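Colleague: Now for the letters of each chain:
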Amino acid sequence: MSTDLINLSAPTIDIRGLVKSYGDNEVLKGIDLSVHAGEVVCVIGPSGSGKSTLLRSVNLLEQPTGGEVLIEGIDVTDPDVDIDRVRTRIGMVFQSFNLFPHMSVLGNLTIAQRQVKKRSKAESDKVAKAMLERVGMAHKADAFPGQLSGGQQQRVAIARALCMNPDMMLFDEPTSALDPELVGEVLQVMRTLADEGMTMMVVTHEMGFAREVGSRLIFMDGGHILEEGDPREVLANPQHQRTKDFLARVL
Amino acid sequence: MALRRTQKQKLYRYTVYVVLIAIVLWVAFTANWAKLGPLFFNPAVAAKMLPSIVTVALVNTLWFTAVAFAGGLLLGVFLALLKMSSIGPFRWIATAWIELFRGLPAILTIFAIGFIVPIAAGVPGTKLGGPVVLGLVGLILVASAYMAETIRAGLQAVPKGQTEAARSLGMSPMKTTFWIVVPQGFRIIIPPLTNEFVLLLKDTSLLFVVGTFIWSKELTTFARDASTQNSNGTPLIMAAILYLIVTIPLTRFTAWLERRMARER
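As they're listed, the protein sequences go chains A and B.
Those letters in the first sequence? Residues 1 to 251, by the working numbering.
Those letters in the second sequence? Residues 1 to 265, by the working numbering.
No wet-lab data here; the hints were simulated from the structure.
For clarity, every value in this text was computed on a predicted model and none was experimentally measured.
Keep in mind that a hint or two might mislead.
Unchecked claim - Derived DMTMM-like pairs (lysine to aspartate or glutamate); straight-line CA-CA distance at most 20 Å:
{"id": "1", "chain 1": "B", "residue 1": "LYS160", "chain 2": "A", "residue 2": "ASP221"}
{"id": "2", "chain 1": "A", "residue 1": "LYS29", "chain 2": "A", "residue 2": "GLU68"}
{"id": "3", "chain 1": "B", "residue 1": "LYS175", "chain 2": "A", "residue 2": "ASP84"}
{"id": "4", "chain 1": "A", "residue 1": "LYS118", "chain 2": "A", "residue 2": "ASP82"}
{"id": "5", "chain 1": "A", "residue 1": "LYS129", "chain 2": "A", "residue 2": "ASP142"}
{"id": "6", "chain 1": "A", "residue 1": "LYS117", "chain 2": "B", "residue 2": "GLU164"}
{"id": "7", "chain 1": "A", "residue 1": "LYS117", "chain 2": "A", "residue 2": "ASP84"}
{"id": "8", "chain 1": "B", "residue 1": "LYS175", "chain 2": "A", "residue 2": "ASP221"}
{"id": "9", "chain 1": "B", "residue 1": "LYS160", "chain 2": "A", "residue 2": "GLU62"}
{"id": "10", "chain 1": "A", "residue 1": "LYS244", "chain 2": "A", "residue 2": "ASP221"}
To be verified - Quick list of the computed label-pair ranges, beta carbon to beta carbon:
{"id": "11", "chain 1": "B", "residue 1": "ILE93", "chain 2": "A", "residue 2": "GLY197", "range": "53 to 61 Å"}
{"id": "12", "chain 1": "B", "residue 1": "GLY88", "chain 2": "A", "residue 2": "ASP142", "range": "42 to 50 Å"}
{"id": "13", "chain 1": "A", "residue 1": "ASP84", "chain 2": "B", "residue 2": "TRP256", "range": "33 to 41 Å"}
Every residue, glycine too, gets a C-beta built ideally from N, C-alpha and C.
Starting from the given sequences, assemble the full structure and let the hints guide the process.
Modeller: This is the structure in structure tokens:
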């Protein structure tokens, strides 16, 4: 195991003074946030509040303009860090699934195992099948993404991320592109994952999920974290007017 | 009495059919077949053309097309990557190249490579590989410019989410390009590339401008020369049929691919 760089006592994700701007448009205005092992942090907020940008900064899909992002003690904003190696420890699930359409489900789950983790074909197939079993998609191993429903695609996408044996998972509005009747199956997989102790950061509009599964809820607006706390507390008893207005609109 | 809309459409369609059939019949009956037959469909001349119109001319055409296509594709991929580079001068070079060779008539480019380059270099053309090689180089330059744009469009049509998904799994930029972007990009550009192949096949007929040997004649030149020698149009008709035997299956294949891809989306 590659324990040489991992500082086990550090928070899993430690964001310090994170700033992100596109030209004159400052999307993140100094975010401080720590996520500890086993926590499920749900991030809510109106569109344009910077919640997706925050999530995407964790694995450097967005290059921060300022501040630091420490993953298990490693500052990923340091240009000398091998970002590809850090990313194998961070699973990511996208709103639009982003399965590779030219590969079968099994191909989707094995390509990075073979190319990045250098696992043998037999081993990566075995891991892939085990992960498909976990998300209830083992029967579709040979199907192509285009043949699956949105909910099935998203479950495969979760399995794909799990194949790298990540220490944490990022979910970027994982159910927003789904038909209402398909949301449940994806949330169920995420709930199981949370129950098994996975560290998760979830940008979502599913308040029910945030309340029942989240260990912490973060409300973002205008590039700031406005409110943070126990999900039941924040949802039942919001302190800021902006939070109240937002919750009144979505609940 | 007012016609229903479907009836009106039917009436319109049948009128078009009747007019078209009438035109075809009129041409068929008024043409002087006694004169046209021996001129364009002359079995004796046709027999003289075989087998060399196939074994030499068609084979040359296919060879020249294959070489120009392969060369153009390699150079085109390179130009497409240059054009997508984050380094300004690389992009400028690629843009200049593409605009130049797309903007000129292919025949002028081939002519320039065949004659101007040897003069400019002060070396006789035969020392630079002779007319066949020089002509093919010209054709490759033209092909690369068209293909570069097609390839670039194809690679850029691959959604950004695909790259992000691959990178978030820890795949390097090189591996992402090779395993995720290029396979999907090429799937997108197979139809336009097939069209490019058909265009190139026809453009090999321009190679005559740099001069030909008896062994290096492609279909059009072969047929034109034979036509002159025999004072007969039959070789031209035969060449036309041979071109169509190759091009029609290819364009049908493209149409089929496009239909299949539309279904997959």
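Colleague: Hints first: check each against the structure and report whether it holds.
Modeller: For each hint, the structure was consulted:
no.: 1; hint: B:LYS160 - A:ASP221; verdict: violated (26 Å)
no.: 2; hint: A:LYS29 - A:GLU68; verdict: holds (13 Å)
no.: 3; hint: B:LYS175 - A:ASP84; verdict: holds (11 Å)
no.: 4; hint: A:LYS118 - A:ASP82; verdict: holds (17 Å)
no.: 5; hint: A:LYS129 - A:ASP142; verdict: holds (11 Å)
no.: 6; hint: A:LYS117 - B:GLU164; verdict: holds (18 Å)
no.: 7; hint: A:LYS117 - A:ASP84; verdict: holds (11 Å)
no.: 8; hint: B:LYS175 - A:ASP221; verdict: violated (37 Å)
no.: 9; hint: B:LYS160 - A:GLU62; verdict: holds (13 Å)
no.: 10; hint: A:LYS244 - A:ASP221; verdict: holds (12 Å)
no.: 11; hint: B:ILE93 - A:GLY197: 53 to 61 Å; verdict: holds (54 Å)
no.: 12; hint: B:GLY88 - A:ASP142: 42 to 50 Å; verdict: holds (46 Å)
no.: 13; hint: A:ASP84 - B:TRP256: 33 to 41 Å; verdict: holds (40 Å)
When each numbered hint is compared with the structure, violations occur for hints 1 and 8.
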